[in-house]
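Undergrad: Work the whole structure out from these sequences, hints included.
2 protein chains.
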Amino acid sequence: MIKSTESKIVTAAMLAIGDELLSGRTRDKNIGHLASALTLKGIDLKEVRIVSDEQDEIIAAVNAMRERHDYVFTSGGIGSTHDDITADAMAAAFKIKISHDPRAMKLLGDHYAARDMEFTTARQRMARIPDGADLISNVVSVAPGFILDNVHVMAGVPSVFQAMLEVLLPTLDGGSLMLSAAVDCAYGEGTIGDRLGEIQKNYQETSIGSYPKFDGKSYTTQIVVRSRNQDAIDHAVSDVRKMLSEIDG
Amino acid sequence: MIKSTESKIVTAAMLAIGDELLSGRTRDKNIGHLASALTLKGIDLKEVRIVSDEQDEIIAAVNAMRERHDYVFTSGGIGSTHDDITADAMAAAFKIKISHDPRAMKLLGDHYAARDMEFTTARQRMARIPDGADLISNVVSVAPGFILDNVHVMAGVPSVFQAMLEVLLPTLDGGSLMLSAAVDCAYGEGTIGDRLGEIQKNYQETSIGSYPKFDGKSYTTQIVVRSRNQDAIDHAVSDVRKMLSEIDG
Numbered sequence: 004m005i006k007s008t009e010s011k012i013v014t015a016a017m018l019a020i021g022d023e024l025l026s027g028r029t030r031d032k033n034i035g036h037l038a039s040a041l042t043l044k045g046i047d048l049k050e051v052r053i054v055s056d057e058q059d060e061i062i063a064a065v066n067a068m069r070e071r072h073d074y075v076f077t078s079g080g081i082g083s084t085h086d087d088i089t090a091d092a093m094a095a096a097f098k099i100k101i102s103h104d105p106r107a108m109k110l111l112g113d114h115y116a117a118r119d120m121e122f123t124t125a126r127q128r129m130a131r132i133p134d135g136a137d138l139i140s141n142v143v144s145v146a147p148g149f150i151l152d153n154v155h156v157m158a159g160v161p162s163v164f165q166a167m168l169e170v171l172l173p174t175l176d177g178g179s180l181m182l183s184a185a186v187d188c189a190y191g192e193g194t195i196g197d198r199l200g201e202i203q204k205n206y207q208e209t210s211i212g213s214y215p216k217f218d219g220k221s222y223t224t225q226i227v228v229r230s231r232n233q234d235a236i237d238h239a240v241s242d243v244r245k246m247l248s249e250i251d252g
Numbered sequence: 004m005i006k007s008t009e010s011k012i013v014t015a016a017m018l019a020i021g022d023e024l025l026s027g028r029t030r031d032k033n034i035g036h037l038a039s040a041l042t043l044k045g046i047d048l049k050e051v052r053i054v055s056d057e058q059d060e061i062i063a064a065v066n067a068m069r070e071r072h073d074y075v076f077t078s079g080g081i082g083s084t085h086d087d088i089t090a091d092a093m094a095a096a097f098k099i100k101i102s103h104d105p106r107a108m109k110l111l112g113d114h115y116a117a118r119d120m121e122f123t124t125a126r127q128r129m130a131r132i133p134d135g136a137d138l139i140s141n142v143v144s145v146a147p148g149f150i151l152d153n154v155h156v157m158a159g160v161p162s163v164f165q166a167m168l169e170v171l172l173p174t175l176d177g178g179s180l181m182l183s184a185a186v187d188c189a190y191g192e193g194t195i196g197d198r199l200g201e202i203q204k205n206y207q208e209t210s211i212g213s214y215p216k217f218d219g220k221s222y223t224t225q226i227v228v229r230s231r232n233q234d235a236i237d238h239a240v241s242d243v244r245k246m247l248s249e250i251d252g
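Protein chains in written order, with my numbering: chain R, 4 to 252; chain B, 4 to 252.
Given that identical chains are not distinguished, each listed pair holds provided it fits within a single copy or across any two copies.
In silico EDC-like cross-links for lysine to aspartate or glutamate, where the CA-CA straight-line distance does not exceed 16 Å:
1. LYS49 / ASP59
2. LYS98 / GLU70
3. LYS49 / GLU60
Derived from the structure by calculation, the hints contain no laboratory data.
TA: So, in structure tokens, the structure goes:
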């Protein structure tokens, strides 16, 4: 048995907001991006929810998540039209006021003035920020996201979501990195399953996943060993390889 | 104001299960597929959750969802390895027993016998089905999914998920179709937002969404009007086009 080293666990949840994700009109591209980025920071994404543009749904989801996790990240619903209700929903969830934020008004006002574009009521809607929130800068298209306590509210347009996350990442307090090693194997899960289960039992500090692929005729499997302890991974992988060479005969 | 016709509303939720979706290792392909398929059946997908391979998380999510919705669909965790715990989690969620189902044992036993493959303990794990469940046939790779009350448990491998859903769809009780019409517009949301909000107010029976696209320089918008009443859509779309031609000048 390999001794556990002290690990720092940081958890996160994501809330993707938008009818279009639930109707099939738009395929979400932000969840996978956030998942990969957080893994590189040692932050465990534990849960994702997708909800529609309905205030009660957004409030219930964000309140459930922000209680349980160190960080919450949201995508969607911070544009300039009537169906962009995320900022108001967040204010309601936190039971705080929302108004046209002077910093956001200046950012957006300057932006449109420089382009000789009218700063319409709709555009001013993007400056509605719950009181006391910090802004997340948007290098792509100006309109900011915001941070309320541990909740990070970002845009749904993937290029903007990614740009905002890029700004946020260095500010996040990461955890011990989750390390992993992958072993590709030519067998289906049914061939390796019993013995892989034994290996998992022997290395409790690791989480051994097996991911089947089907090519239309037969299954192959990728075995992924994850842990915050590299020694534990090395030992488990060594046993996995030994198992595979024994099956090879 | 257009009078509402009698609409039949059927709602659904999806639970995608798997550590690999939360680590970024795998990008989910099933959510969007299910969303599109349900929309075509007139079933409203109202909520999606992604959880890890942890029994408590799966139980909490499925119990929350099956209470609230007509249908629940799950993906992932029904393979043959130790990390495939969905069937056991479902049995625990429903507080019923789970055992090696004779129908599933026969299906799988015949399959492996015909291929001269050993019906290992791991493979037999795929026949573990909560007592009283109906099976969902798997024309791709035999191991069945199952139905417990309103919960439909399917594989995570996309080709298998899709094949199982194909079998299920004709058995589902669909609702009134959600109809939609899309209008592409060359303006960003800030230009159209105020007036689009007015149009939304005038057509309460429709849900008008606006979906910005950013090409790196400027925004365009797709306006989508959704309703179960075609007349309401036609009237709202007509007003949207009128608005756009007025902005065109």
